[in-house]
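Line by line, the protein sequences give chains D and A.
Here my numbering is used: the first residue of the first sequence is 20, the next is one more, and so on.
Here my numbering is used: the first residue of the second sequence is 1028, the next is one more, and so on.
FYI, nobody ran anything at the bench for these hints, they're computed from the structure.
All figures in this text were calculated on a predicted structure; none of them were measured in a lab.
Be aware that one or more of the hints could be misleading.
As the list claims (entries may be wrong) - Only some residues are given here: those of chain A computed to face chain D with a beta carbon under 10 Å:
| # | residue |
| --- | --- |
| 1 | Val-1052 |
| 2 | Val-1122 |
| 3 | Glu-1123 |
| 4 | Leu-1125 |
Said to hold, decoys possible - Derived CB-CB ranges, DEER-like:
| # | chain 1 | residue 1 | chain 2 | residue 2 | range |
| --- | --- | --- | --- | --- | --- |
| 5 | A | Val-1105 | D | Gly-606 | 51 to 57 Å |
| 6 | A | Asp-1087 | D | Leu-625 | 42 to 48 Å |
| 7 | D | Ala-622 | A | Leu-1048 | 29 to 35 Å |
| 8 | D | Gly-606 | A | Leu-1125 | 41 to 47 Å |
| 9 | A | His-1121 | D | Gly-620 | 28 to 34 Å |
| 10 | D | Leu-625 | A | Ser-1104 | 33 to 39 Å |
| 11 | A | Phe-1080 | D | Arg-624 | 47 to 53 Å |
| 12 | A | Val-1090 | D | Ala-622 | 45 to 51 Å |
| 13 | D | Leu-625 | A | Phe-1091 | 40 to 46 Å |
Even for Gly, the Cβ is constructed at its ideal location relative to N, Cα and C.
Next come the chains, spelled out residue by residue.
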Amino acid sequence: MNLDLLPWAVLFLPLLAAAFITLFTQHNRKLSAGLSIGAVVMSFVLSLIFVSVNGWGPARDVFVSWLTIGDPQAASGLYLQVDFGLRLDPLSLLMMLLVTGVASAIHIYSWGYMSEDRGFPRYFACLSLFTFSMLGIVLANNFLELFIFWELVGVSSYLLIGFWFERPAAADAGKKAFITTRLGDFGFLLGILTVWATFGSLKFELIEKALTANPQALGALATTAGLLIFCGAMGKSAQFPLHVWLPDAMEGPTPVSALIHAATMVAAGVYMLCRVFFLLDIPGSHALEVVAWIGGFTALLSAVIAIQQNDIKRILAYSTLSQLGYMVMAVGLHGPAPAMFHLTTHAFFKALLFLGAGSVIVALHHEQDIWKMGGLRRKMPVTFWTFMAGTLALAGLWPFSGFYSKDGILAQAAEHSLPLYLLGTAVAALTTFYMFRLIFVAFLGAQRSDAAGHAHESPPVMAWPLRLLAVFSVIGGLIGVEQLYGKQFPAEHIEQGASFIRELVAPFIHAPGVATFGLLMVFLGFAAAWALYRNATSDPLPEKLGALSRAMRNRFYFDELYEATVIRLHDFLAAVADWFDRWIIAGFAVRGTHGTTELAGRALRLLQTGNLQTYAFLFALGVALVLYLVLK
Amino acid sequence: MNVGLEHYLVVSVLLFCLGLLGVIVRRNLLVIYMSLELMLNAANLALVAFSRFSDTNSLDGQVFVFFIITVAAAEVSVGLALIVALYRRRQTAHVEDLTTLKL
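Next comes chain D alone, as it looks inside the complex:
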């Protein structure tokens, strides 16, 4: 069998499942879910087989020619050749494994979580479509293909966030996610056009070659092109100022949040930045500096907001924003390898945290306020311990996976930019603080509501994905992920640990200051959370911080700000367009033409009297006229 067929199968199996469910098995709940889960797990298994047979490298393309416009020899230079292809290199292969792996866990978990829902088959069809779209982004070998899947991810996220569309909040959140990311995509498209205009090709491989041959190929456009492409990532990866959609996306079912926040959607932005890193990292381009600062600012902003959120899913959502900020910052600091490393570990522990949160929410009959939980540790041991593992990984405690990836980013920051390094460590402390606030309030202490008292552990179909993800959250930093990304990006520092023990302590050897200081920050955050929330029955911070706390709880009024500026402006433009359409287009142009024609018709009708003799008279007059003209 041809080995290259496997990645195609990996890509298209989820699509097949989605299509089949939509077309044929809408009414069969179990079969639909089974198909969807089967397809994704099969994709995962095929990915594993492919990687184990093929190995991680060397980088190559598998493609079919899709469309060709123009002639390569034409003088006009208008030539476009687009492939539909798969780029197989360590970056995409690892992401392929990650996406199918995490998606498999989430699919299986969904079987339990969504079992009561009416739209069960529709849910699985959308979930499979989502997985397919994300795999497409990961495997795309050219910009156009990437962009198509990019938009498909937008559509599927819209479908899933608005899954409970009968709730207005969910429908609005779906729209918000789609429109906000579309804003960024507009810039992305312009960036793609710039690249095509410069290089005459959309294929990553060819562009990279051209850029290696001539780093100044983009000339003065280098910064602009980089920033335009970054716009796309800004939308999908929810970076400031387009971050507002992500917290609202919590309106979707919790496994969807897990999927969006872990392996798909938000990861797409960071992945794309790494995929086109060669376009950003050009001497003379300032794009990366902007990227780094936007990432850093997003990380800090959302970590601060997370401190005062009370909805368990929203805390996690802002935490995702913050971690994405980290990754984007790392890319901006010339470190795609640490960024991808963090993306990978983050996918494990954030999926775990969201699924854990989902487990809690189901146990409490859809209660999401952490102040109405409490004491869940004894009621839900599996959820608690796996959630704990995820929290420790997110906080970055040694030797959990998050420690290694976060340390990679901080080390990168320490090397390139002191202010961003300090910002990063501050965010690390904040992260630990808000996560342990969540743990102390929701899982420890006394029960604060009847629902919390009646909570019970989730069924095995939900518990096992948690256990599995917990294992990866713990060991994710040590299984050689970073070395693999090192193959893709000749990074500045990759610890090539000779032995397991050496790998375990590698960060302390390479940059002992950074690692120790990072750990110190973790303890600082933990200590603060311990002091404030260990036995708290209500949040002590609002009293202490006053207006600041209120601002945090209201997300620094970004939604209100956009409401007052962007949306107001948009409404105004819409009103103008409406007026123009109503009065100029429909009124003047359409109705005017119609009116003139009708008036002319009415006037001409007067000539037709229906009287025989009028016609005879006119006829005679006509003949006379002709005679006069002829005989004159």
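Since chain D is already given, all that's left is putting chain A on it; use the hints.
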């Protein structure tokens, strides 16, 4: 007085104009029909006159007149039949009442 071609033609034109006037101003279909015949005969008169006064003594004009008379007879039979049918249906033969062509 010597009667020449011009005199015939003047009579023919007068007849034709009378006929045309009748067609345009009279309201009764039968009278309009008679006026039409008058116009045809005006033409006949002109044709015969041309034939009579031509230098070659050609009989073409007179032959043509026979044709016209024949065709006119056929036409009258059809036309009168139409008028009778119309009258039976509408109880009128006045053109002002026959304006269904108008919307």
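We went through each hint and held it up to the structure:
1. Val-1052: 7 Å, holds
2. Val-1122: 5 Å, holds
3. Glu-1123: 7 Å, holds
4. Leu-1125: 7 Å, holds
5. A:Val-1105 / D:Gly-606: 51 to 57 Å: 55 Å, holds
6. A:Asp-1087 / D:Leu-625: 42 to 48 Å: Given a distance of about 46 Å, which is inside 42 to 48 Å, the answer is holds.
7. D:Ala-622 / A:Leu-1048: 29 to 35 Å: 30 Å, holds
8. D:Gly-606 / A:Leu-1125: 41 to 47 Å: Since D:Gly-606 and A:Leu-1125 have Cβ atoms about 44 Å apart, the given range 41 to 47 Å holds.
9. A:His-1121 / D:Gly-620: 28 to 34 Å: For D:Gly-620 against A:His-1121, whose Cβ atoms are near 30 Å apart, the range 28 to 34 Å holds.
10. D:Leu-625 / A:Ser-1104: 33 to 39 Å: 37 Å, holds
11. A:Phe-1080 / D:Arg-624: 47 to 53 Å: 50 Å, holds
12. A:Val-1090 / D:Ala-622: 45 to 51 Å: Given a distance of about 49 Å, which is inside 45 to 51 Å, the answer is holds.
13. D:Leu-625 / A:Phe-1091: 40 to 46 Å: 41 Å, holds
No hint from the list above goes unmet by this structure.
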